[in-house]
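J.: Quick mapping for you: the protein sequence lines, in order, are chains S and Z. Numbering-wise (our numbering), the first sequence opens with residue 1 and increments by one. Numbering-wise (our numbering), the second sequence opens with residue 1 and increments by one.
Calculated directly from the structure, the hints in this document are not laboratory data. One or more of the hints may lead you astray.
Where chains are identical, the list cannot tell them apart; a pair therefore holds if satisfied intra-copy or between any two copies.
SDA-like cross-link-like pairs, simulated, lysine to any residue; straight-line CA separation at most 25 angstroms [as the list claims (entries may be wrong)]: (1) K134 - R196; (2) K134 - D30; (3) K85 - I17; (4) K85 - G257; (5) K85 - V116; (6) K85 - A117; (7) K176 - S235; (8) K85 - D208; (9) K85 - L39; (10) K292 - S207; (11) K134 - R10; (12) K231 - F249; (13) K306 - G215; (14) K134 - A273; (15) K85 - H44; (16) K85 - S207; (17) K269 - P84; (18) K231 - S51; (19) K85 - T115; (20) K134 - G18.
2 protein chains.
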Amino acid sequence: MIARGSACARPDLLRAIGDDAAVCSADGRDCLLATVDVLNESVHFTLAGTSPYLLGRKSLAVNLSDIAAMGGRPLYFLVGLSLPKHVSIDFVRELYRGMRSQAQRFNVALAGGDTVAASGGLSISVTLIGRAEKRRVVYRGGARPGDLIYVSGTLGDSALGLALVQQGSPVASRKKLIRRHLDPEPRVALGHALARARLATAMIDISDGLAADLGHILEQSRAGAEVYLEKLPLSRAYRQECVRLSNDFYAPAVCGGEDYELLFTAAPKRRSAVEACARKMGIAVTCIGTIKGNTECLRIIGGQGKEYTLQKKGFCHF
Amino acid sequence: MIARGSACARPDLLRAIGDDAAVCSADGRDCLLATVDVLNESVHFTLAGTSPYLLGRKSLAVNLSDIAAMGGRPLYFLVGLSLPKHVSIDFVRELYRGMRSQAQRFNVALAGGDTVAASGGLSISVTLIGRAEKRRVVYRGGARPGDLIYVSGTLGDSALGLALVQQGSPVASRKKLIRRHLDPEPRVALGHALARARLATAMIDISDGLAADLGHILEQSRAGAEVYLEKLPLSRAYRQECVRLSNDFYAPAVCGGEDYELLFTAAPKRRSAVEACARKMGIAVTCIGTIKGNTECLRIIGGQGKEYTLQKKGFCHF
Numbered sequence: 001m002i003a004r005g006s007a008c009a010r011p012d013l014l015r016a017i018g019d020d021a022a023v024c025s026a027d028g029r030d031c032l033l034a035t036v037d038v039l040n041e042s043v044h045f046t047l048a049g050t051s052p053y054l055l056g057r058k059s060l061a062v063n064l065s066d067i068a069a070m071g072g073r074p075l076y077f078l079v080g081l082s083l084p085k086h087v088s089i090d091f092v093r094e095l096y097r098g099m100r101s102q103a104q105r106f107n108v109a110l111a112g113g114d115t116v117a118a119s120g121g122l123s124i125s126v127t128l129i130g131r132a133e134k135r136r137v138v139y140r141g142g143a144r145p146g147d148l149i150y151v152s153g154t155l156g157d158s159a160l161g162l163a164l165v166q167q168g169s170p171v172a173s174r175k176k177l178i179r180r181h182l183d184p185e186p187r188v189a190l191g192h193a194l195a196r197a198r199l200a201t202a203m204i205d206i207s208d209g210l211a212a213d214l215g216h217i218l219e220q221s222r223a224g225a226e227v228y229l230e231k232l233p234l235s236r237a238y239r240q241e242c243v244r245l246s247n248d249f250y251a252p253a254v255c256g257g258e259d260y261e262l263l264f265t266a267a268p269k270r271r272s273a274v275e276a277c278a279r280k281m282g283i284a285v286t287c288i289g290t291i292k293g294n295t296e297c298l299r300i301i302g303g304q305g306k307e308y309t310l311q312k313k314g315f316c317h318f
Numbered sequence: 001m002i003a004r005g006s007a008c009a010r011p012d013l014l015r016a017i018g019d020d021a022a023v024c025s026a027d028g029r030d031c032l033l034a035t036v037d038v039l040n041e042s043v044h045f046t047l048a049g050t051s052p053y054l055l056g057r058k059s060l061a062v063n064l065s066d067i068a069a070m071g072g073r074p075l076y077f078l079v080g081l082s083l084p085k086h087v088s089i090d091f092v093r094e095l096y097r098g099m100r101s102q103a104q105r106f107n108v109a110l111a112g113g114d115t116v117a118a119s120g121g122l123s124i125s126v127t128l129i130g131r132a133e134k135r136r137v138v139y140r141g142g143a144r145p146g147d148l149i150y151v152s153g154t155l156g157d158s159a160l161g162l163a164l165v166q167q168g169s170p171v172a173s174r175k176k177l178i179r180r181h182l183d184p185e186p187r188v189a190l191g192h193a194l195a196r197a198r199l200a201t202a203m204i205d206i207s208d209g210l211a212a213d214l215g216h217i218l219e220q221s222r223a224g225a226e227v228y229l230e231k232l233p234l235s236r237a238y239r240q241e242c243v244r245l246s247n248d249f250y251a252p253a254v255c256g257g258e259d260y261e262l263l264f265t266a267a268p269k270r271r272s273a274v275e276a277c278a279r280k281m282g283i284a285v286t287c288i289g290t291i292k293g294n295t296e297c298l299r300i301i302g303g304q305g306k307e308y309t310l311q312k313k314g315f316c317h318f
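I would like the entire structure built from these sequences, with the hints used as guidance.
T.: Structure, rendered in structure tokens:
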């Protein structure tokens, strides 16, 4: 990656490129977390497929999810907004109303911004700054052979929601999937609780899909993993709609992005503590597999113990 | 401004929208500064009019200048990059080489980034995080009647440089003006020194032009000002080229943006201390006028004591 070679050394920059957020050492026992995400029209969203209010909420949510995945507390955000002529003042007002509603839920404050003319479509760049105890930050590289692999919530709903948005005119029964795509819920309290209790050995948020994001953990932890398809947490809506939307029943759960659930690993002896912690937060967590010693090899096991291979004609755009 | 109403209250956010950078309270006597700037193709630059290396340097420089204007020290930056198809990998490599060269000069570190596809032209969003002593941050609102108004370096060069870039094919004698536009020098050491010695009562960097940016100081300080045209510091290159490029000799200096010089005010009794401080930094500062009590009224005085009015057919696009 080009940016990687560009990192200038500062001894107080504990982690730059390569995790969910940068980690900078502040005074005392705390450190600073910082992350940026850009959402572009026609690339990440279409104006027809969402509302400015939900777009505002999501543009902050994706950053909140990054801070959650480090186990931190979010604090301040800055917005770089590139506005094309086809976007009205009312649209921008609604966009900020969405951001504000999300900000209030997580007690984060809008610290600054830059609003400029766009040369193309609408572009929203959000930088979020957070804080964590230095010794309790959860990186991607801490998974050890034998650790259990957990995921919060359910998988693949966002990918199915996107497919529904792209088909247009949703019906009421599918609203839940569409909502998961347009208004994802960052798992801030869970991420922070897992870090505070030192239960997670590695953590990432699922933005690129389970397989890709578990791959990041494996790469940084220099480990392998086995994951069991039948253990993947799937929502009722997923089970109802997936057959119609994907030739491969498991592809949206394995490869679909933007669920913004937490994927984390924990030592097997902490199993009951992890599950008690999640219960206390009111969020389901599911053990979907185990970390192995075979470096970077991810085996996904399907029915009758057979290794699962993604059907290419299935859900290939996820 | 729409974003202003969106600011959520956090008691530790000392200043949000409305200054060169946000000011967040960190532990102890220091505070955190954060600022974001977006540069868009066809709006802030053209690919024909600059090089990727200089574009990288400038995209960081404009943020460094904001931290300078608060009197802070820059530390880390994050880059949100929206890449259109017409931008090559080599271009991006050069862009980062430019950022890295600027970063090294000011000992700031690339902390993170997000690189995504663009729906329009190239868009570069840089967020810079810095630090300052809480009690020494210089805001826009501290100017008091009687304070002297200072500016660093020379004015209007960048505006003339832009005009030359737009005309194409520069000749060697004009390189200095073009350089001022394409590769501005953020006054980080001067801003920090003025703040550390508590010499500046208010400070801003000149990005929108002297008149507009002095207007921001006056608005926030609830004060007026008198500025003398004949005192404006103009470079030799400005004096040589301006007649040809602008009907109004002073318009680029008064209204031209992107000089990224510091504009600051100081108590008259600190005059010699201010000038000694600047001399020590090796940067010229010039007293161009005085803060007055007549709220937000900016009088620019020309030859024979007559009030200066911008010639509309002069340099109106600045």
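J.: Is it within, between, both or neither when you check K231 against S51 at 25 angstroms Cα-Cα?
T.: neither (34 angstroms within a copy, 53 angstroms between copies)
J.: Go through the copies and call it for K292 and S207: within, between, both or neither, with a Cα cutoff of 25 angstroms.
T.: within (23 angstroms within a copy, 55 angstroms between copies)
J.: Under a CA distance limit of 25 angstroms, which applies to K269 and P84: within one copy, between copies, both, or neither?
T.: neither (54 angstroms within a copy, 49 angstroms between copies)
J.: Between the shortest in-copy and the shortest cross-copy C-alpha distance, which are at most 25 angstroms for K85 and L39: within, between, both, or neither?
T.: both (18 angstroms within a copy, 17 angstroms between copies)
J.: At most 25 angstroms between C-alpha atoms: does K85 with V116 qualify within a copy, between copies, both, or neither?
T.: Close inside one copy (11 angstroms) and across copies (22 angstroms); limit 25 angstroms.
J.: Is it within a copy, between copies, both, or neither that the alpha carbon of K85 lies no farther than 25 angstroms from that of A117?
T.: Result: close both inside a copy and across copies, 8 angstroms intra and 20 angstroms inter.
J.: For K85 and D208, with the copy left unspecified, which applies at a CA distance of at most 25 angstroms: within, between, both, or neither?
T.: between (31 angstroms within a copy, 22 angstroms between copies)
J.: Pop the pair K85 and T115 into one bin, within, between, both or neither, using alpha-carbon distances up to 25 angstroms.
T.: Classified as both; 13 angstroms inside a copy, 24 angstroms across copies.
J.: For K85 and I17, with the copy left unspecified, which applies at a CA distance of at most 25 angstroms: within, between, both, or neither?
T.: between (34 angstroms within a copy, 24 angstroms between copies)
J.: Checking K85 and H44: alpha-carbon separation at most 25 angstroms within a copy, between copies, both or neither?
T.: This pair counts as both: shortest intra-copy Cα distance 19 angstroms, inter-copy 16 angstroms.
J.: When no copy is named, should K85 and S207 be tagged within, between, both, or neither for a Cα gap of at most 25 angstroms?
T.: between (30 angstroms within a copy, 23 angstroms between copies)
J.: From the Cα coordinates, with 25 angstroms as the cut-off, is the pair K231 and F249 best called within, between, both, or neither?
T.: within (14 angstroms within a copy, 75 angstroms between copies)
When each numbered hint is compared with the structure, violations occur for hints 17, 18.
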